[in-house]
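Asks: Sequence:
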Amino acid sequence: DGSVADTSFYDLLEVKPDASSSEIKRAYLALARRLHPDKNPDDPDANERFQKLGEAYQVLSSEDSRAKYDSRGMDGLQEMSFMDASTFYAMLFGSEDFEDFV
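Okay, so the sequence shown: first residue is 1 according to the working numbering, each after it adds one.
To be clear, the hints were calculated from the coordinates, so they are not data collected in a lab.
Just so it is clear, the structure is predicted and the values come from calculations on it, not from any experiment.
Don't be surprised by glycine CBs; every beta carbon is placed ideally from N, CA and C.
Honestly, I wouldn't trust all of these hints.
[Stated by the list, open to error] Each computed DSS-like pair below joins lysine-lysine, with the alpha-carbon atoms no more than 25 Å apart:
hint : residue 1 : residue 2
1    : K39       : K52
2    : K39       : K68
3    : K16       : K68
[What the hints assert, rightly or not] The following label-pair restraints were derived from C-beta to C-beta distances:
hint : residue 1 : residue 2 : range
4    : S3        : D42       : 22 to 28 Å
5    : M74       : E14       : 26 to 32 Å
6    : D42       : S20       : 16 to 22 Å
7    : S8        : D84       : 16 to 22 Å
8    : R33       : R72       : 19 to 25 Å
9    : E79       : S8        : 29 to 35 Å
10   : Q78       : T7        : 16 to 22 Å
Using the sequences plus the hints, can you model the full thing?
Replies: This is the structure:
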């Protein structure tokens with residue numbers, strides 16, 4: 001029926017559970033740029049929000065982890081370890097070279 005066990009990660013990325021991989025990536029890139037802690041220095045929660053956004057994308061960008069998440073929610077991810085969101089972001093955008101544009 002297309003239902004998923006938990007929609008929290010989809011909600012964080014502001015996409016529907018049936019979103020394509022490219023829609024998920026596009027949503028992550030837009031939100032990551034907007035919510036990056038360097039762009040929100042006066043927001044004490046910016047780092048935590050950015051970290052959660054990175055975790056959501058790490059799960060939903062992988063077919064395997066997305067399938068586990070869709071079927072079992074967070075319980076399906078118990079063995080998964082998450083990369084630090086800033087490190088993950090730097091890998092996608094090329095580290096310090098991108099900082100001038102953030």
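Asks: If a hint holds in the structure, say so; if it does not, say that too.
Replies: Verification of the supplied hints:
Between K39 and K52 the alpha-carbon distance is near 16 Å, which keeps this suggested pair within the 25 Å criterion. For the given pair, K39 sits about 33 Å from K68 by alpha-carbon distance, which is inconsistent with the 25 Å threshold. Pair hint K16 plus K68 holds up; C-alpha atoms about 17 Å apart against a cutoff of 25 Å. Between S3 and D42 the C-beta distance comes to about 39 Å, which lies outside the given range of 22 to 28 Å.
For M74 and E14, the hinted distance range of 26 to 32 Å is not satisfied, since their beta carbons lie about 19 Å from each other. The given range of 16 to 22 Å is broken by D42 and S20, whose C-beta atoms sit roughly 35 Å from each other. Checked against the hint of 16 to 22 Å, the C-beta distance between S8 and D84 comes to roughly 20 Å, which is consistent with it. Between R33 and R72 the beta carbons are some 31 Å apart, a value that contradicts the proposed interval 19 to 25 Å.
About 19 Å separates the C-beta atoms of E79 and S8, a value inconsistent with the hinted range of 29 to 35 Å. At about 19 Å, the CB distance of Q78 to T7 agrees with the hint of 16 to 22 Å.
Hint check: violations occur at hints 2, 4, 5, 6, 8, 9; the rest are consistent with the structure.
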